[in-house]
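As given, the protein sequences belong to chains A and B, one line each in that order.
Heads up: the first sequence begins at 1 in our numbering, then just goes up one per residue.
Heads up: the second sequence begins at 1001 in our numbering, then just goes up one per residue.
Because the hints were derived from the structure by calculation, they are not lab data.
One or more hints might be untrue.
Unchecked claim - Under 8 Å between C-beta atoms, here's a sample of chain B residues computed to sit facing chain A:
(1) Ser1413
(2) His1414
(3) Thr1505
(4) Glu1606
(5) Ser1608
(6) Arg1610
(7) Gln1613
(8) Asn1653
(9) Met1672
(10) Gly1731
Claimed, not checked - Now the in silico label distances, taken between C-beta atoms and shown as ranges:
(11) A/Arg430 / B/Gln1403: 45 to 55 Å
(12) A/Arg430 / B/Gly1193: 22 to 32 Å
(13) A/Ser195 / B/Lys1565: 57 to 67 Å
(14) B/Thr1612 / A/Gly73: 36 to 46 Å
(15) A/Lys230 / B/Ala1206: 31 to 41 Å
(16) B/Glu1440 / A/Glu400: 46 to 56 Å
(17) B/Thr1612 / A/Pro92: 35 to 45 Å
(18) A/Ser195 / B/Gly1693: 44 to 54 Å
(19) A/Arg430 / B/Ser1608: 40 to 50 Å
(20) A/Gly341 / B/Glu1071: 51 to 61 Å
(21) A/Gly341 / B/Ala1290: 31 to 41 Å
(22) A/Glu400 / B/Ala1431: 42 to 52 Å
(23) A/Arg430 / B/Glu1440: 55 to 65 Å
The C-beta atom is built at its ideal place from N, Cα and C for all residues, glycine as well.
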Amino acid sequence: MQSRRTMLRSLALGTSLFPAIVSDLLASENPLAPKAPHFPGTAKRVIWITLSGGMSHVDSFDPKPKLGEFQRGGKTAEGNRKVLGSPWAARPHGQSGLEVTDLFPKIAECVDDLCIIRSLHGDHNDHFQATLGIHTGSVTFKRPSAGSWVCYGLGTENQNLPCYVVLAPEMPYAGSQVWSSDFLPGIYSGTRITSGPEPVPDLNRRAATPELQNLELGLLAQFNKKHEAKHPGDPMLDARIKSYETAFGMQSAMPKVLDLSKETAATLKLYGMEPGATTGFGWQCMVARRMMEQGVRFVELIDTGSSHNWDAHGDIKTHEPLARKIDQPIAGLLTDLKSRGLLKDTLVVFTTEFGRTPSPEGDIGRGHFNRAYSSWLAGGGVKGGMAYGKTDDFGLKIAENDVHVHDFHATILHTLGFDHTKLTYRHAGRDYRLTDVSGNVVKAVLA
Amino acid sequence: MRYVLVLCLFGPLVHAQMSEGVDYFEKNVRPLLAANCYPCHSAKSNPPMRGLLLDSPAGTQRVIVPRKPEESLLITAVRGTGSLKMPPGKPLDAAQVETLVTWVKLGAPDPRADSVAAAPLKPHWSFQPIRDPQPPHSVGNAIDAFLQSARAAHHLSEPRPASKLTLIRRATYDLTGLPPTPEEIDAFVKDSGPNAFAKVVDRLLASRAYGEKWGRHWLDVVRYADTAGDNADFPVPAMALYRNWVIDAFNRDIPYDRFLKLQLAGDLMPDPEVIPTSYISNSRRFGSRANEFHLTIDDTIDNLGKSMLGLTIACARCHDHKFDPIPTADYYALYGIFKSTAYPHPGTEIYPHTYGFAALNAADAARLKGFEDQLSGLDNRIEDMKAGKIKFASDAEKRKAEQDNQANLRRLSHEYPAIAKAYAVHDGKGANARIMVRGEPATLGAEVPRGFLQILGGQKLPASETGSGRRELADWIACKENPLTARVIVNRVWQWHFGQGIVATPDDFGARGDPPSHPELLDHLASRFMQDGWSLKKLHRRIMLTRAYQSATTYSEAEALKDAKDAYLWRFPPRRLEAEEVRDSILFLSGNLDPAPAAEQPFPPEMSWRYTQHTPFIGADKDYATRKRSIYLMQQRIRRQRFLELFDGADPNSETGVRALTTTALQALFTMNDAFVHEQADALAVRVGMSYGPDADRINAAYRLIYGRTATADEIKGDRAYLAKAREALGSAAMPDFQRTREAWASLMRVLLSSNEFLILE
């Protein structure tokens, strides 16, 4: 009797028509099997860094010296708007001479690898909705997260680790919806990994001894195989048998990828880590790199949660300690990825839900600002040392080359080899996609 | 042709590949139509021949039957096999014909915008009146006759009957979500009377567990959650009243039309019931202020369209529906009804106090309203002061006012009475809505009178109606003349029994949904259902007392090649237990299931709620742990209940008509390592060990409980050997012998509880 898989294989070989469909049919037996994108991408995997709370653009990657000048001169910007200068000076860096502020002095040293987008804008000015927006493209209704779309499109290289890993010490705005697969199959949901004794729920063996667990899994496989032999034609039975093999693999693969004991002192230092540390953003970045090496497709790092974050209403200087926490680790990550030859096909995304008002809130704080803000991309086939898009002299309005969140997503998918209009999933009578009904690839940032 | 074969065999998988189909249309079909057909059949031809427009999807649909080239006029015409031969004098070549055939087999995906209004020859099937078709033969069960004739037409063989064990297990899970006990199995197997199975079905339908299983199906459809979904995800303890009402409604077999009417307008009925209208209040909340309330109304309309009518009405919020005859005006006709409805306020970051709830006891209503008014008044005042909307003569005066507010808050919180209240809606003052152009609340267009969808009758409210119009809406939806309501629910019930509906897209009966595999059977069920007084229990009996329901899952490669989806039921489709069934069964088997219904979730007291977007309500699993049935587990909107999410439970944010099925390593880790599984396996080991002496009897007892069958001699031998090895594998650590025995048994129980024989229902 020909198995379904052999039959599909023979069909796959027999036709050059619709190869994507046939390869997807094969993939349907394991929805996480690696899949080819629409065209060869420049990036194979993604590290997505989210700063929770809304990082100020005018204090970081889109410096505006006029704000300080006007404030000192007691002058107002258009609309009789008071403005607030940045506490951080700006200066050019690297060969590109890109100007960024001293808020992130270490990341500043990497500007030649960064493609800074200074004209990003989103659809909502509240944390919850904007956080969903930057992750899913929708500020209102629940939709699959970008990481879920990428895993749906590409599958993953290492079946013993989740496809989409989330390293978030705190719950972000909108909770686990941020990494939810929503209507995509649940297998594409982010798996949140925490540092500590059990990084993934139920990862640790609970059976008294390894021998006992081996015995149990052996007997289970025996039962299931006998059952399967009596029940042909149901791929789910085989999938369940394999899922135990994967789970067993994960029990050893996960601790291994989280075991930093073999990392050298120099590498730890690069990430700003103390030896033996198992928390902190350096740890998150280091784990992200190790996951990339092990074939994980998408790792998201969230620095803080829904409180004590970048939401600097009262005092913009609260950005300082938050920046210090992540500056060295991110610079270290970029350097390390580069020296290991991984940066060229790993896309690093650095983003936040919105920017902050160029005008003061109170005396020294800043409010939410979704009309223009900054993010950057690095590696994975985007140009380094460039800034794309411009805001006006005060960071209030986009002056040229606006990039909507949908465009940002379209561009990210493009680097991975997807036509964002074609990475779709049929749900409730409609073909849905990450970019809803819009989005243009920002070609100028592609190397 | 090979790729066509692939597509036919694996229909469900291809479904996700519609975009490939669209590509296929753009690359191959559109140019072909343009070159060969548009000259006489397009908006530009003057006049279009026979009024047929092939440059519009609606026009093209007149001459094709998706997936059925043999029945498509377009195909017979280009093949020239009938009287009509097209294009006249210039027949297409074989490859071109094949291109069109392939496209029709793909379901004729057509991405073109319908710029041209072309009246279809016949309305879409689901908008046509429900008929009462004659079964193909009059002998025996009508449902079986419809199924049998469809199988014969597709050259499929008849399924074999299931064993009695399989049958009682299937029926018990289907109706109660729990396994049958060994005693129930024995009684059924021994009962050789002709009504043995009917008796089982009646017993199960009469059990309380029936409502807990079928109520959960309804909660999937109405995206039930215990929290509001705003930025701070405020708890809504009163949703438990609705949940329990649904369970009870199924158990009491409230006629389905009344069941719907109560949820839409129970407060406006002659014998008012307010709790069911929590269906409307359960719509998702957005943000912290009232300025996004149109999204909540949109969520109401979206859900009522999908759940009750099988229509994606919400697509018409910003533009006329692209595929179904639902203009934007229809959306705002409904919108006006819900805009004229006062939804209760569950509390938000900025206005943390609840108001607009309905006191369950009328005598409490005035007192509740008094407190709600004062507290929400304070919320408003505090917010207005923060926003600088209230002016004070001096800072001291302002400080004094702030202190007064806080003192009043403290006093009211302290005095706040424990009044039983429902998360129910009230009728507001009736007012029509204006169209929001492109869905933008700021861009208002024409006013639309409140009313119903044009395609379903287009009724308008009578001039005398001064309220919202929900009562009329309830009548328009839950009526025999509505062609969708009965069809949609019988299709859902069919799907919840057979794993797939007669219409495979239960929430979309529109043009983009799948056509019914058995249109006549669907109408037969719908018309009988209405004749039976919209009784769901009678519908269960009708369905379950068929040969189809009682057939075996036996697989056949030959049949699978003809019908891979098993759309024609050449076998009964096996299924994995649902999330709730997995957890409830394990608790039931270990003896730890608390069968009593639950009341409200143990949320913190209402007057303590100060949730914000920065510190939202997040219920820790341990605080909401329960040994009651899983329908009672607390389910938040912004954070899924871990176990339910892991095993593909319903999405608490959007209508779940079909639960996706996944098999993941994380599920395997759960059964291998989760404390719940280990605790219950231990309890089951103790249960089996305490009741029986010899190991063989214990093993047999475990098999009877978990699988419903006795263990074979080989299995007993193998398991005994396993127990011995497990004792050794527990290691050399000092351990009392009874402990070692107990742990070895618990290990065996874990294997049985993780096995496919337990988790896959035949």
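Here is what the structure says about each hint:
no. : hint                             : verdict
1   : Ser1413                          : violated (24 Å)
2   : His1414                          : violated (28 Å)
3   : Thr1505                          : holds (7 Å)
4   : Glu1606                          : violated (22 Å)
5   : Ser1608                          : violated (18 Å)
6   : Arg1610                          : violated (13 Å)
7   : Gln1613                          : holds (5 Å)
8   : Asn1653                          : holds (5 Å)
9   : Met1672                          : holds (6 Å)
10  : Gly1731                          : holds (5 Å)
11  : A/Arg430 / B/Gln1403: 45 to 55 Å : holds (54 Å)
12  : A/Arg430 / B/Gly1193: 22 to 32 Å : violated (51 Å)
13  : A/Ser195 / B/Lys1565: 57 to 67 Å : violated (45 Å)
14  : B/Thr1612 / A/Gly73: 36 to 46 Å  : holds (38 Å)
15  : A/Lys230 / B/Ala1206: 31 to 41 Å : holds (34 Å)
16  : B/Glu1440 / A/Glu400: 46 to 56 Å : violated (26 Å)
17  : B/Thr1612 / A/Pro92: 35 to 45 Å  : holds (41 Å)
18  : A/Ser195 / B/Gly1693: 44 to 54 Å : holds (49 Å)
19  : A/Arg430 / B/Ser1608: 40 to 50 Å : holds (42 Å)
20  : A/Gly341 / B/Glu1071: 51 to 61 Å : holds (58 Å)
21  : A/Gly341 / B/Ala1290: 31 to 41 Å : violated (54 Å)
22  : A/Glu400 / B/Ala1431: 42 to 52 Å : holds (45 Å)
23  : A/Arg430 / B/Glu1440: 55 to 65 Å : violated (20 Å)
Going through the hint list in order, the structure does not satisfy hints 1, 2, 4, 5, 6, 12, 13, 16, 21 and 23.
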